[in-house]
Amino acid sequence: MKTSVLLFLTDILPEKRRLFNKIVKNKIFGSLPNEKVFTEMKKSGIEGIEVLLPKLITADDIHDLKEVMEANKMQVFSVHQALRFLTQTKLAEIKKLFDIAQLLSAEVIVLHMNSAGKQVLDPKYIAEIHKLEKNYGIKVGYENMEKHAGSLMSGIGWDGKKFGDLMKKNGFKITMDVCHIGQSGGDILNFLKLNMARIVNIHLSDYKSHYLNNSIRPMRFKHMPLGKGELPINEFLKILKNENYPGILTLEIETDLKGLLESAEIIKNAT
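Following this note's numbering, the numbering of the sequence shown begins with 172 at its first residue and continues without gaps.
Everything labelled a hint here was simulated from the structure, so no lab data went into it.
For clarity, every value in this text was computed on a predicted model and none was experimentally measured.
Just so you know, nobody snuck in bad clues.
Derived lysine to aspartate or glutamate pairs resembling EDC-like cross-links, with alpha carbons at most 16 angstroms apart:
hint	residue 1	residue 2
1	379	425
2	261	293
3	332	358
4	333	317
If you anchor each label on the Cβ, the simulated ranges turn out as follows:
hint	residue 1	residue 2	range
5	214	356	33 to 41 angstroms
6	227	436	33 to 41 angstroms
7	414	267	31 to 39 angstroms
8	308	380	36 to 44 angstroms
Glycine included, C-beta positions come from ideal geometry on N, C-alpha and C.
Construct all of the structure, not just a fragment, from the sequences and the given hints.
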């Protein structure tokens, strides 16, 4: 198991923060230099990162990221597609993600089910994803989504059984988002046991039920530090260790460096 943390590209390269980043994302590391941040992460057991890409990204952005990671002896384990809300991800864009992942030596690309849309039912799309995986030697992990109005195709994007069954049918790998399962009323332990063979990446955080989560959906009750919510995190980690889970375990937490390190210590000390 490889312990990772999900970071926006602009968390690592704050000089590239644009208006969108300033609206949706705080500077979680403040004015701390990357050297200090990565040194503390490594001490807590964090071995690498998942980088969440912006919609507009240049070759210089990738070069600068790679340079920072190499200078700090940290790996990019996975690449997360840019956040999108109303449009589907076309195959040409996915091909570019494979190129970026290859440049960064990443193992996994994270794609959102709501961005894939009904393409996941198209045999041509399915075949092309598998072709890209084979040609690049990089896996795609489709991420289960949270439950909300208008969810993808009668719940396939968030319903644990429907999602798992479709991934198995298509031969797709999974990025399991623990918080999304909790928000959707699912059982994270059961989902893990049923889909362990297909899971290549896990987005780990805690979750607390609250009526606001299904209305204006504030982040304060989602993607919480481990132990701050109501999910059975310790039991979940115990299963991963007992089963020798070989994939990536990625902290996706809304917090600061101190909160990330505390959650990483919980992972490291889990028995």
